[in-house]
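Asks: In order, the protein sequences belong to chains A and B.
Heads up, the first sequence is in the numbering used here, so the first residue is 1 and it goes up one at a time.
Heads up, the second sequence is in the numbering used here, so the first residue is 1 and it goes up one at a time.
Keep in mind the hints are simulated off the structure, nothing from the lab.
Mixed in with the good hints there might be a few duds.
List of simulated lysine to any residue pairs, SDA-like, C-alpha gap at most 25 Å [to be verified]: (1) 288/A to 115/B; (2) 288/A to 173/A; (3) 116/B to 294/A; (4) 88/A to 49/B; (5) 173/A to 294/A.
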Amino acid sequence: MARSPSTKLLPSEITPPEVFFSRRQAIAAALAAGVVGLAHADEPQPAAGKLQYSRNPQYSTKETPNSFEDITGYNNFYEFGTDKSDPKANAQEFRAHPWSVTVDGEAEVKGTFTLEDIMKPHALEERIYRFRCVEAWSMVVPWLGFPLADLVSRFKPTSKARYVQFTTLYDPKQMPGQRFRVLDWPYVEGLRMDEAMHPLAMMVVGVYGQTLPNQNGAPLRLIVPWKYGFKSVKSIVKISFVERQPRTAWNVATPHEYGFYANVNPAVDHPRWSQAKERRIGGGFLAKRIDTLPFNGYANEVASLYKGMDLTKFF
Amino acid sequence: MNVDQRYRWVYKPVVFVACLVPIALLLSRGFGLFGQSLGPDPIKFTLHWIGKTALNILMITLLVTPVRYLAGWPHVVRIRRMLGLFAFTYALLHFLVYIVLDQELDFGGLLEDIAKRPYITVGFAALLILIPLAITSTNKMMRRLGRRWQTLHRWVYAAAILGVVHYYWQVKRDVREPLIYAGILAILLGYRLVRRLRKPKPARAATSPSGSATAPERT
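Throw the hints in and build the complete structure from the sequences for me.
Replies: Written out as structure tokens, the structure is:
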């Protein structure tokens with residue numbers, strides 16, 4: 001990618017991902033050869049490695065992204081266990097390729113599409129977004145993907161489609177966390193149509209210039225940066241255009257704690273803890289809690305979507 | 001070695017060192033020994049680690065009495081005070097990590113938390129209960145309070161219940177582990193209840209403090 005010389009160095013450029021990943025790939029390849037190589041030798045291998053993309057500075061924060069280790073080693077993905085180190089530990093055997101996504105409901109174009117079909121028409125871009133977990137910690141992540149709106153448009157939703165619903169894969173054999181009903185599997189999330197069409201809403205296939213690791217929701221996930229992390233559903237196998245508000249996983253589990261909207265809002269506390277501040281991961285023992293911003297700092301872009309709504313009621 | 005010597009030179013030192021193991025493990029992680037670490041959120045890790053240690057040692061403290069009777073080890077009660085004091089120390093440390101590292105000495109936020117967040121309210125209550133128990137744990141206080149000492153120290157049951165509730169309410173969704181603690185606590189307290197109900201009334205009235213389930217023994 002040609003870029004004019006600039007004094008502004010993007011934090012993600014400090015450690016060249018190529019260098020970083022060449023080591024990882026060597027290790028992964030060695031492991032694969034020794035451990036799973038025999039079993040999967042003749043099956044199609046994921047299009048692993050580097051992705052072609054351009055940077056989207058317009059939608060990127062200038063804040064320093066978290067390390068690859070933190071992003072891929074500390075996250076919630078209850079399908080692989082409820083501890084934040086579980087996804088990395090338990091998702092390594094997960095097979096994200098081949099993958100297909102079923103599109104149904106109130107749309108003109110429906111059917112089952114391979115991941116390649118889904119991705120093909122879209123140019124990938126990197127956006128560095130803030131990520132705010134409902135548990136009051138946060139990260140900054142260089143995601144790779146494309147606008148959700150572009151994908152949604154391809155299916156030509158009808159006027160009846162008022163919401164879009166996403167469903168995560170249900171496969172307890174591969175996802176050990178699903179063997180226990182912590183949540184009502186499969187994981188379902190959803191957005192109002194205007195939220196889905198907002199340019200900040202993103203379909204993500206990678207992070208740090210690289211195919212999305214299994215533990216982060218490979219091969220296809222949602223990122224809605226102005227909402228709490230649990231809205232950003234992972235390992236999507238179904239996209240449904242629906243008339244009624246989807247019954248989303250956390251909302252079903254404890255409706256008084258997790259609303260459908262789940263917009264980041266420092267003024268509306270979780271019943272059990274405050275949402276006024278957050279701790280940015282990566283600061284060690286000296287990490288100061290920082291103020292949580294309305295809509296996670298994206299208020300200028302998205303606040304108008306909720307004009308006239310009582311956000312303490314529609315939390 | 002007689003019993004006194006064994007407790008003095010072997011059992012008590014062993015328990016003392018064992019109670020320091022959790023903090024040693026935490027420090028070894030903190031200093032990155034053996035490639036370990038406290039993870040991406042070291043403050044939360046430390047907070048939870050110490051809190052869970054407090055709860056664990058409190059449970060072990062409550063195990064002393066059942067072991068004393070079920071195993072027929074009358075002298076085991078001599079390690080109870082040390083266990084109880086370690087449980088208190090870890091609980092206090094848990095609280096200090098919370099206000100200093102987690103809340104960054106924001107006392108306004110602390111008061112708000114105690115008032116508004118039930119899991120913090122009960123956790124704080126458990127800590128408050130343990131304070132007078134720790135203060136009155138000396139031989140001198142034991143003698144001074146006489147029978148009242150025992151009544152006072154039964155409050156440890158309340159502290160343990162509140163501690164488990166604190167853990168249960170703190171967990172986001174996966175309550176399996178807090179429920180295990182609740183189950184263990186139910187057994188520990190249930191044992192005492194059954195023992196008390198089974199004991200014939202006249203005998204109970206005649207029992208001296210040293211004969212009852214929670215009697216202090218000079219240690």
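Asks: Which numbered conditions among the earlier hints are violated in the structure presented, ordered from lowest to highest?
Replies: Numbers 2, 5, in rising order.
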